[in-house]
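Peer 1: Chain A is fixed; fit chain B onto it per the hints.
2 protein chains.
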Amino acid sequence: MASPEAISTPRGMRDIKPEEMDVRERMLDGIRRVFRLYGFQPLETPALESWEVLSAKGAGGAEILNETYNFEDRGGRRLGMRYDLTVPLARFIAMNPSIPLPFRRYQIGGVWRYGDVAKGRFREFLQADADIVGSESMLADAEIAACAVDVFVELGFKEFMVRLNDRKILSAMIRFAGIEESKVDDAFRAIDKLEKIGEEKVFGEFSQRRIPKEAGKKLMELLSIKGEPDEALKEAERLIGGITEGREGIEELRKLLACAGKIGREEYFKVDFSLARGMEYYTGPIFEVFFSGKVGSLAGGGRYDRMIGLFLGKDIPATGISFGIDRIAEVMAKEYVKSERGVFVAGVDESCSDEVLKAAKKFRGGGIPAMFDLRGRSLGKQLNYANSLKIPFVVIIGKEEMKQGKVKLRNFESGEEKLVSLEECIELIKSG
Amino acid sequence: MASPEAISTPRGMRDIKPEEMDVRERMLDGIRRVFRLYGFQPLETPALESWEVLSAKGAGGAEILNETYNFEDRGGRRLGMRYDLTVPLARFIAMNPSIPLPFRRYQIGGVWRYGDVAKGRFREFLQADADIVGSESMLADAEIAACAVDVFVELGFKEFMVRLNDRKILSAMIRFAGIEESKVDDAFRAIDKLEKIGEEKVFGEFSQRRIPKEAGKKLMELLSIKGEPDEALKEAERLIGGITEGREGIEELRKLLACAGKIGREEYFKVDFSLARGMEYYTGPIFEVFFSGKVGSLAGGGRYDRMIGLFLGKDIPATGISFGIDRIAEVMAKEYVKSERGVFVAGVDESCSDEVLKAAKKFRGGGIPAMFDLRGRSLGKQLNYANSLKIPFVVIIGKEEMKQGKVKLRNFESGEEKLVSLEECIELIKSG
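Protein sequence lines, in the order shown, are assigned to chains A and B.
So for the first sequence, my numbering puts the first residue at 24; every next one is plus one.
So for the second sequence, my numbering puts the first residue at 24; every next one is plus one.
Okay, chain A solo, but in the shape it has when bound (with noise of 0.2 Å):
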């Protein structure tokens, strides 16, 4: 036996219950589904890669090597649990070089991440990517933004608006405000606190970072140019349309924004210029899913054009997005999801158990799951079960009803009660 203070999930880690669970598949059948229709294909790599790839150049770099579970294994080779699903694609790429390009993947899978725990943040947690590979077309970005869209859609999601921005525009903005070529990336990583922090707390970080407090302040205006896509990038390119990064990155989104009202739903797109994210490591267009402003991000993406280069020591275009399984889940549980449970098969007695395992057969031939006793209890206790796992119909069969040929449906929640004939009771369950 084990020791019981030594029974429970490895710190940071948890189960995931099955009213969980139901939400969570219902959940990913329909990203795979929305996936499939944009043409992206499955891959599933190990949850252990070399440490020589996850720690190549182009990988994630140090901070999250710090945060990866490795060890050495019996054969003295170092491994390390992946700790997202970009570095395998690169790895998997580079290992089949004569892939037809664009490569179009999408991949669902654990990534795990030795960090701090707190509410919310697991140690473990579930990722689903779709990403285009081997181009550099605006399209490539406006599929993968439309794609997004279109999860939402498919999820149920009404309230959600996908902010759009452009590594670019950001970089111009920078130099526009007068902040110094060597702060860029301190700029950076300020504005990348944006949304945790507050801009008071940001304007703090610039001066800590010696940036002039003017600059600062004129950064933050043009971050919170606001208003129609159309009207934002105008007033955008107005300001920084003189230097050739802004210009460029306003056309990009010019782009992307043209072509996603072909392939998709325009209205859910939004330009935000204080968006930003990942600054190391996006090179274009990048985006964020917000759902009515209440939780953080659902999902989160953009142009990579450098990461899987760098990888392979050649260049190829990438775009992608990745998906909070978790934080997609919390929503759904709260506002959208009814849970499915079938049906449970009750015995009166002993006498009736055949009729209960026909009728069970029957309904599952019908494609409602069904249940029944295998602990010989009375009916009481039979009705107690089904209850306790929440299940919403209970099918009654005793002498009586079997006599008649029909069966007892009593609707849990309602307290209903109906005699009706199996045919009749399927029909009745599948329209709830």
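Where hints are given, some of them may not hold.
A pair counts as met if it fits within one copy or between any two copies, since identical chains are not told apart.
With a straight-line cut-off of 20 Å between C-alpha atoms, the simulated DMTMM-like cross-links for lysine to aspartate or glutamate are [claimed, not checked]:
id : residue 1 : residue 2
1  : LYS40     : ASP107
2  : LYS384    : GLU289
3  : LYS385    : GLU289
4  : LYS431    : ASP349
5  : LYS429    : GLU237
Because the hints were derived from the structure by calculation, they are not lab data.
Peer 2: Below, chain B without anything else, positioned relative to chain A:
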């Protein structure tokens, strides 16, 4: 850049490419659908478990621990990657003592074993398990066995067979053959290998373990009793019915078969007394699913009434099944599945690009995966690309087609071309 020779998957692990993943995803969808119909609920547990849990009494035992990837995390806790899905289930039950029993759960997930690497033997593999915890009834075993049959029927298998035996019958046969108590484990271990090494070598093992030749021979005769389930059980009863365990085992299989006939499809069941598996683990009925004898078992399971009890320190009966995803996928890829890859929408030149996007949107809206060019390629190159992805249909849009409000649909396999409206096109592709 990663050094080219370092760019590989860890030894014994591999990527699963899109063509293979297509089969797998369809397979897992089918398995999940049947699991749910039988009232199994999804559970997910971490890839890592604490070493205390993995090495607890009742868990996998010393041999498997030798093959378990393990390491100390930065907090000095020893963690191991799970080697099966049953130990996590036992740990889950221990952590959730108030969960309603019987608890029917399924789990689909990776497991890791640092074993010898050979063709088709990997160190990371996917398992799909369904278990019922907390019922002693043969009805539970019948549910598991019937569910296994329905899974294979759902997946499109025709020639397969569930071979049934009972741990208690095997024990009684060993005793009846005159093999002494102290040699029972040795005999089991030898019989365990019957499938793999053949009768001759099992005899060799017998003599090595000092089991008398006569006793060994008698045992092999008992194990080879064949026939329809009823007949085989009757013959077994005639021989070992005098031994309590034997009588119990025969009674168990009779009940199981009677119930399975009512819940499921009895024509797939066969009694095979030579079937032996994990004899130190299983306590009652055991079974394996075989496909036309060409490959090893595709799924296997049985009743294990002691394992969870040992782990928890109190008695909890359990029965379950594990599906070998890799092997099933291999058979399905060869025998049953045709890949679906949707449509590639090709534009004759730049001027058609709007129409290409609109068409793709329409296909996706109609449930057909659709892709188009992202690199500004010529029509010929677009067609080559589509072909390299094995996309069966290409839709070609040019000026002439646009004028007529039609598109050209080409079936890559037959080479056939048709001028049709988009709506007709969707219908044609859907009907294959």
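Peer 1: Each of the hints needs a verdict: does it hold here or not?
Peer 2: Status of each hint after checking the structure:
1. LYS40 <-> ASP107: between (24 Å within a copy, 18 Å between copies)
2. LYS384 <-> GLU289: Between copies, since 13 Å is at most 20 Å while 48 Å is not.
3. LYS385 <-> GLU289: between (47 Å within a copy, 16 Å between copies)
4. LYS431 <-> ASP349: neither (40 Å within a copy, 44 Å between copies)
5. LYS429 <-> GLU237: Neither way: LYS429 and GLU237 sit 82 Å apart in one copy and 59 Å across, limit 20 Å.
Hints 4 and 5 from the earlier list are contradicted by this structure; the remaining hints agree with it.
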